[in-house]
Structures are given as C-alpha cells and as structure tokens.
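Asker: Chain by chain, the residues run as shown.
There are 2 protein chains.
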Amino acid sequence: MIDTIKWIGGSGNAPASQVMILDQRLLPHTVSYVECTDYRQVVDCIKTLAIRGAPAIGIAAAMGIALAASAISASDVKEFSSRLSTAIDDFLNSRPTAVNIQWAAERIERLIETNKHLPVSAIKDMIAKEGVIILNEDIEINKAIGRVGADLIKDGATVLTHCNAGALATGGYGTATAPIRTAIAQGKRVLVIADETRPILQGARLTAWELMQDNIPVTLIADNAAGELMRRGEIDLCIVGTDRTAKNGDVANKIGTYSVAVLAKEHNIPFYVAAPLSSIDFKIERGDDIPIEERPSHEVTNVFGRCEIAPKGVKVINRAFDITPAKYVTLILTEKGAFRPEDIHKLDPKGKTQ
Amino acid sequence: MIDTIKWIGGSGNAPASQVMILDQRLLPHTVSYVECTDYRQVVDCIKTLAIRGAPAIGIAAAMGIALAASAISASDVKEFSSRLSTAIDDFLNSRPTAVNIQWAAERIERLIETNKHLPVSAIKDMIAKEGVIILNEDIEINKAIGRVGADLIKDGATVLTHCNAGALATGGYGTATAPIRTAIAQGKRVLVIADETRPILQGARLTAWELMQDNIPVTLIADNAAGELMRRGEIDLCIVGTDRTAKNGDVANKIGTYSVAVLAKEHNIPFYVAAPLSSIDFKIERGDDIPIEERPSHEVTNVFGRCEIAPKGVKVINRAFDITPAKYVTLILTEKGAFRPEDIHKLDPKGKTQ
Numbered sequence: 003m004i005d006t007i008k009w010i011g012g013s014g015n016a017p018a019s020q021v022m023i024l025d026q027r028l029l030p031h032t033v034s035y036v037e038c039t040d041y042r043q044v045v046d047c048i049k050t051l052a053i054r055g056a057p058a059i060g061i062a063a064a065m066g067i068a069l070a071a072s073a074i075s076a077s078d079v080k081e082f083s084s085r086l087s088t089a090i091d092d093f094l095n096s097r098p099t100a101v102n103i104q105w106a107a108e109r110i111e112r113l114i115e116t117n118k119h120l121p122v123s124a125i126k127d128m129i130a131k132e133g134v135i136i137l138n139e140d141i142e143i144n145k146a147i148g149r150v151g152a153d154l155i156k157d158g159a160t161v162l163t164h165c166n167a168g169a170l171a172t173g174g175y176g177t178a179t180a181p182i183r184t185a186i187a188q189g190k191r192v193l194v195i196a197d198e199t200r201p202i203l204q205g206a207r208l209t210a211w212e213l214m215q216d217n218i219p220v221t222l223i224a225d226n227a228a229g230e231l232m233r234r235g236e237i238d239l240c241i242v243g244t245d246r247t248a249k250n251g252d253v254a255n256k257i258g259t260y261s262v263a264v265l266a267k268e269h270n271i272p273f274y275v276a277a278p279l280s281s282i283d284f285k286i287e288r289g290d291d292i293p294i295e296e297r298p299s300h301e302v303t304n305v306f307g308r309c310e311i312a313p314k315g316v317k318v319i320n321r322a323f324d325i326t327p328a329k330y331v332t333l334i335l336t337e338k339g340a341f342r343p344e345d346i347h348k349l350d351p352k353g354k355t356q
Numbered sequence: 003m004i005d006t007i008k009w010i011g012g013s014g015n016a017p018a019s020q021v022m023i024l025d026q027r028l029l030p031h032t033v034s035y036v037e038c039t040d041y042r043q044v045v046d047c048i049k050t051l052a053i054r055g056a057p058a059i060g061i062a063a064a065m066g067i068a069l070a071a072s073a074i075s076a077s078d079v080k081e082f083s084s085r086l087s088t089a090i091d092d093f094l095n096s097r098p099t100a101v102n103i104q105w106a107a108e109r110i111e112r113l114i115e116t117n118k119h120l121p122v123s124a125i126k127d128m129i130a131k132e133g134v135i136i137l138n139e140d141i142e143i144n145k146a147i148g149r150v151g152a153d154l155i156k157d158g159a160t161v162l163t164h165c166n167a168g169a170l171a172t173g174g175y176g177t178a179t180a181p182i183r184t185a186i187a188q189g190k191r192v193l194v195i196a197d198e199t200r201p202i203l204q205g206a207r208l209t210a211w212e213l214m215q216d217n218i219p220v221t222l223i224a225d226n227a228a229g230e231l232m233r234r235g236e237i238d239l240c241i242v243g244t245d246r247t248a249k250n251g252d253v254a255n256k257i258g259t260y261s262v263a264v265l266a267k268e269h270n271i272p273f274y275v276a277a278p279l280s281s282i283d284f285k286i287e288r289g290d291d292i293p294i295e296e297r298p299s300h301e302v303t304n305v306f307g308r309c310e311i312a313p314k315g316v317k318v319i320n321r322a323f324d325i326t327p328a329k330y331v332t333l334i335l336t337e338k339g340a341f342r343p344e345d346i347h348k349l350d351p352k353g354k355t356q
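Quick note, the sequences are listed as chains A and B, same order.
When you number the first sequence by this note's numbering, it's gap-free, plus one each residue, and the end is 356.
When you number the second sequence by this note's numbering, it's gap-free, plus one each residue, and the end is 356.
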C-alpha cells in the first residue's frame with residue numbers, strides 16, 4: 003500500500019527534514035506528494051484536504067510540529083516551548099472536529115514536559131522521532147482493530163463503508179478497512195460497497211481506489227443508493243471510522259454517516275465504528291458537544307473546481323460531519339477490543355470506572 | 003415559469019409540427035430547446051434525460067406519438083394504428099419505471115379506438131390536440147395538488163424535497179413543489195431544502211434553479227446532510243414526487259427517496275408524496291413489482307461527461323429509482339385529495355371498492 007505520509011529526517015549537514023504528504027486532492031488520477039519543509043505547509047495540507055482522515059491528520063500534526071520544532075532557535079526549553087505553541091495552535095485551529103490533532107499535540111507537549119531537563123536539541127530529536135513513532139503505532143493499532151473486527155465479518159459478507167477510513171486516512175491499513183483487510187487475509191470472501199460520499203467524494207476517489215489497488219472487491223454507489231441496497235438485503239454489515247467519539251459513545255464522522263446508521267438500524271444491520279483510542283475524546287461527554295466544521299459552499303456546488311453543478315449564488319449548508327448517537331452504534335471497535343458504545347467510558351485512562 | 007415542453011402545430015402548407023423540449027441536461031447553465039420534428043428525437047430526449055420527471059415524459063410521449071402520427075401515410079385507421087404502434091413501443095421502452103408514458107400511450111390508444119370511424123386525418127388532428135390537452139390538464143392537476151398540500155404546510159415551515167418534482171418535471175407548477183408554491187401564494191413563509199440528488203443532480207441543477215427563478219427561498223445540501231438536518235430539528239416536512247405508485251401505496255421514486263423516508267420516520271417528520279393519478283398504477287399490486295431502471299455507471303463515475311470522480315474500471319451499481327414502502331408514507335397528495343397510502347386503491351377507476 004502506498005504511503006499516506008512520510009517523515010524524511012534531516013541531520014547534520016543533510017538537507018532539512020521534510021514531511022512528504024500524498025496529495026489526496028489529486029486522487030485517483032495522480033499520485034503525487036507535497037514536500038513540506040515548513041510546518042505551515044502541513045497546516046495548509048490539512049486545511050485543504052490534501053491529507054484527511056482523523057488518524058492521518060494526527061500524524062501530520064505530530065510531524066508538522068516536529069518540522070516547526072526543528073526550525074526554532076531557543077536557548078532554553080521554556081522559550082522553545084513557548085515558541086512551539088504558535089505552531090501547535092495553528093494545527094489545533096486547522097480542523098475542529100477530529101480530536102486526533104489535539105491528541106497528537108498533547109502527546110508532544112507531555113513529551114516536552116517529561117524531558118524538560120534535557121537540552122533543546124535533544125528534545126527536538128525526540129519530537130522528530132515521536133512523529134514516526136505515532137505513525138508506526140497507528141499501523142499496529144489498525145491491525146489490532148482488524149483482528150477485533152474480522153471476527154464480525156462472515157465469509158461471503160458484503161460490507162458497506164462510508165467516506166474513507168482506509169489506509170489513506172491513517173498511517174496505513176485503515177480503521178474501518180482493517181477488519182475487511184484482516185478478514186480477507188484470513189481467507190474470507192468480502193465485498194465492499196463504497197458510498198461515494200459527497201461532497202468531497204472520499205468514497206469514490208479514495209476508498210474505491212485504495213481497495214482496487216489491493217485487489218479487494220469493491221462496488222461504488224451514490225450515497226442515495228445505500229437505503230435501497232439495505233432494503234433488498236444486499237448489505238450484511240456497515241463499518242465506518244470516526245473523527246471524534248464522545249465519552250457516551252456518540253460518534254462524529256463524515257456527513258452522511260448518521261443516515262447510514264439510521265438505515266442500518268431500520269434494517270437490523272449491524273453498524274460498527276472503528277475507533278482507535280486516539281479518536282475517542284473522554285473529555286467530551288456527548289456528541290452534541292463536539293464542534294462540527296462547516297466548510298465552504300463551493301465544495302457542494304463545484305466538483306474539483308472544474309464542474310459547476312448548481313445555479314450561481316445558491317445558498318448551501320455544508321457541514322462536514324454529523325453525529326451518530328450511541329443508540330445506533332452496535333459496537334465500537336478499538337485496539338483494546340470491541341465495546342458497546344455505553345461501555346467505552348471504561349477505556350478512559352483518567353476514568354474512575356476503569 | 004419557463005416552459006418544459008411545447009407543441010408547435012403545423013398545418014396545411016405550414017412547416018411540420020414540432021415538439022420543443024427544454025434541454026435539462028444543460029441546466030442550470032444554459033437555457034436551450036431541442037427542436038424535435040421526428041418522434042425518434044423525442045424518444046432520445048427521454049432516454050438521455052433532456053426531459054425527465056414522470057408527468058413531463060408522459061406529456062413528451064403523447065406529443066412524440068402525435069409527431070409519429072403526423073408522419074404516417076395510411077389509407078385506413080387499422081393500418082394507421084398498426085404503424086403507430088411501432089412509435090408507441092419505442093416510447094414504452096424508453097424508460098421503464100415511470101408509468102406516465104404507458105398512461106399517455108393508453109390514452110391515445112383509447113382515443114383512436116373511440117374515433118376509429120373517423121378519417122385518419124381527423125384522428126391525427128385529435129392526437130395532436132391530445133398532447134396539448136394532456137399538458138394543460140397536467141398544470142391544472144398540479145395546482146389541485148397544490149391546494150390539497152398547502153394545508154399541510156404551516157407558516158415558517160422548512161420543507162425538504164428530493165430530486166426535482168417541480169415545474170421542470172411536469173407541464174408546469176410541479177407536483178412536489180405545488181403545495182410549496184400554493185402555500186407561498188397564500189402568504190406563508192416557506193424555506194425549501196433541496197437534496198442535490200446524486201448521481202444526476204436534479205436537485206442542484208433543476209430544483210434549486212427553478213425555485214430561485216421564482217424567488218422561492220431554497221438551500222442546497224448534499225444528500226448526505228438530510229439526516230443531520232432532521233436530527234437537529236431543522237426539517238418540518240418532506241414532499242417528494244413519484245415515478246410510479248403501486249396500488250398498495252408503495253412509491254417508486256428517484257434513488258435516495260427511500261432513505262429520506264426512513265430518516266423522516268425516525269424523526270417523526272411527515273413524509274408526503276405528491277402523485278397525480280397518472281402516476282398511480284392500479285395494475286401493479288406492490289412496489290417490488292415495479293420495474294427499476296438501471297442506468298450506465300458513467301452517471302456515477304463522471305459528472306457531466308467532464309469530471310471523472312472515480313478510478314477507471316470501478317464497478318458501479320446505478321439503480322435510478324428505489325421503492326419506499328407504504329408504511330413510510332404519511333399521505334399521498336393527489337388532485338382528488340390527500341389519501342393515506344392504504345386508501346389509494348379506492349381511486350382505482352376500475353376498482354370495485356371505489
């Protein structure tokens with residue numbers, strides 16, 4: 003599978019460090035990387051969806067913060083920390099819904115705090131390594147989610163997924179695609195139905211593409227077709243990812259996820275959410291407290307900046323995410339196992355109920 | 003409101019008759035008519051969606067059959083009828099789901115049967131007039147649906163509609179839009195939420211456009227956003243059209259209608275179907291007996307023949323319609339009044355229960 007994001011470390015007299023980001027705006031037509039040497043390029047990649055997907059933008063933020071760190075000349079850790087906070091804030095403000103950016107930033111802040119007795123240069127090295135560690139951990143976490151979720155997929159199953167919570171949304175292997183990949187590795191036959199996922203078409207452009215790259219059978223549908231497929235008994239289960247899941251099991255994910263969940267419930271089809279712990283926000287009590295990003299109307303009215311599909315000046319609502327209340331979620335699949343949504347608070351590292 | 007379809011009659015030494023069809027493939031960017039002088043051009047317009055919408059293609063079929071009739075040289079009505087049947091079959095085979103083509107064809111066949119004692123030239127004139135009569139009746143029927151449906155729309159209501167069952171889908175005024183137009187004429191404030199309606203984007207291209215032309219407030223959303231709007235309480239009612247409604251009240255309509263209906267039920271939002279009697283098929287017992295048209299995959303993978311949005315060779319399911327079982331339908335709005343779906347069989351002109 004192609005790399006979503008890569009760190010190319012500079013050291014000594016070598017060129018400066020780089021974050022290489024697969025430009026997902028150009029997929030499926032062109033495979034091309036944005037070479038970021040300044041953290042602001044990484045912020046821009048996140049804002050403009052060159053890289054997207056909660057785990058992937060968490061990794062991008064970590065690596066971007068490392069780029070920012072490498073460019074700071076500071077005489078002590080306090081000054082270094084203070085100057086780095088500008089970059090961290092830029093990442094935190096880049097996309098509001100996914101919690102993974104915040105998760106990555108807090109992880110780096112903890113790393114600095116723990117090692118504040120060390121020289122700034124050593125801390126910079128540790129931050130650079132941390133981005134790569136997060137990337138590698140992410141792939142292992144996804145494989146663990148795959149093992150947890152594969153048991154829920156029977157041989158011959160048809161799985162609906164929405165948006166892209168695949169390898170391209172993560173360090174690799176994917177979250178929602180992980181159980182599918184693992185089930186196939188176990189020898190099961192699995193057919194994936196990919197919702198095209200308007201307005202940004204992550205299903206058509208990314209999920210269909212990455213599964214075809216790996217010879218996983220995939221059929222593309224307009225989002226509107228999911229209900230009829232379920233009514234006809236042509237979907238066995240749904241697996242989606244999440245940008246942020248609240249402590250009560252309410253799930254924020256790509257707009258349209260909620261519709262899939264309601265349809266799944268109506269047809270007694272299991273609806274699973276693949277959620278690495280990094281995407282569960284135990285500080286948020288319920289879904290409606292999760293900030294929902296509103297994006298520009300041209301994403302709806304114009305496809306790829308080339309095809310105007312609506313009358314000039316039409317008013318648009320373009321919320322990028324929706325909330326699926328916990329009651330629609332059959333199980334949340336994490337690297338620690340599968341949990342009913344009402345039980346995930348038990349995973350809270352700071353929780354009393356753990 | 004702009005004309006969807008017009009008949010320009012030829013007579014004596016004047017030029018041949020024409021059917022002028024607004025080319026909806028070019029909307030909202032270009033307002034242009036296809037000038038049809040041969041019935042096969044009308045068939046092509048129906049197949050390629052230059053004209054679409056169940057009532058509108060019924061009118062187009064009637065006018066197209068009249069064009070075919072005008073071109074037939076036949077010495078007697080039997081020969082005339084036999085030669086006309088080729089054209090009628092071409093229309094019947096053009097699009098399978100909407101019943102209105104069949105309805106229009108049967109109406110013309112009855113007209114010929116009733117008047118078979120008259121000269122062929124007189125029958126040709128009657129057929130030419132019949133197309134115009136059907137067009138004018140359609141507008142009156144829609145206004146009647148408007149009066150029936152307007153009572154269900156409160157001042158300040160937000161109405162979701164899917165696809166285009168507006169003036170452009172009919173002879174004028176629209177079916178699903180009729181209650182909205184009438185409510186506004188009564189002085190009520192109404193906001194329309196238009197689903198964009200992938201893959202053909204009738205909501206974005208047609209509904210938003212025609213409502214903006216008439217200064218009716220409209221907001222465009224990706225189909226995926228309907229569920230979240232309902233969850234937040236931002237939709238008061240749904241009104242859609244139908245391509246064919248079965249005797250038991252099951253509704254065939256544009257793909258995605260069923261999803262809207264399920265979502266509406268989940269949120270206790272009324273879901274109304276505007277159905278002129280011409281779109282109710284009393285010969286079909288239930289929705290799953292309605293033939294569902296499957297259309298080419300490029301409609302999903304390519305926007306306007308210009309923007310490829312999916313990987314080359316991806317497999318696609320592109321059913322153009324879905325079935326909304328009667329249990330999801332609050333009321334069916336006809337020119338004869340509003341009926342619970344289980345009661346529409348009472349409207350069957352051949353029914354014993356009428």
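Treat the hints with caution; some may be incorrect.
Since copy identity is lost for identical chains, a pair holds within one copy or between any two.
Keeping only pairs whose Cα atoms sit at most 35 Å apart, straight-line, the calculated DSBU-like set for lysine-lysine is [as the list claims (entries may be wrong)]:
1) Lys348 with Lys267
2) Lys156 with Lys317
3) Lys118 with Lys8
4) Lys267 with Lys249
For the record, the hints were derived by calculation from the structure and aren't laboratory data.
Being a predicted model, the structure only gives us computed values, none of them experimental.
Asker: Take the hints in turn and mark each one as holding or not.
Answerer: Evaluated hints:
When the C-alpha separation of Lys348 and Lys267 is checked against a cutoff of 35 Å, the pair qualifies both within a copy, at 25 Å, and between copies, at 33 Å. When the C-alpha separation of Lys156 and Lys317 is checked against a cutoff of 35 Å, the pair qualifies only between copies, where the shortest distance is 22 Å, while the shortest distance within a copy is 45 Å. In this assembly of identical chains, the alpha carbons of Lys118 and Lys8 lie at most 35 Å apart only when taken from the same copy (27 Å versus 80 Å across copies). Proximity of Lys267 to Lys249 under the C-alpha cut-off of 35 Å is found in both arrangements, the shortest distances being 21 Å within a copy and 28 Å between copies.
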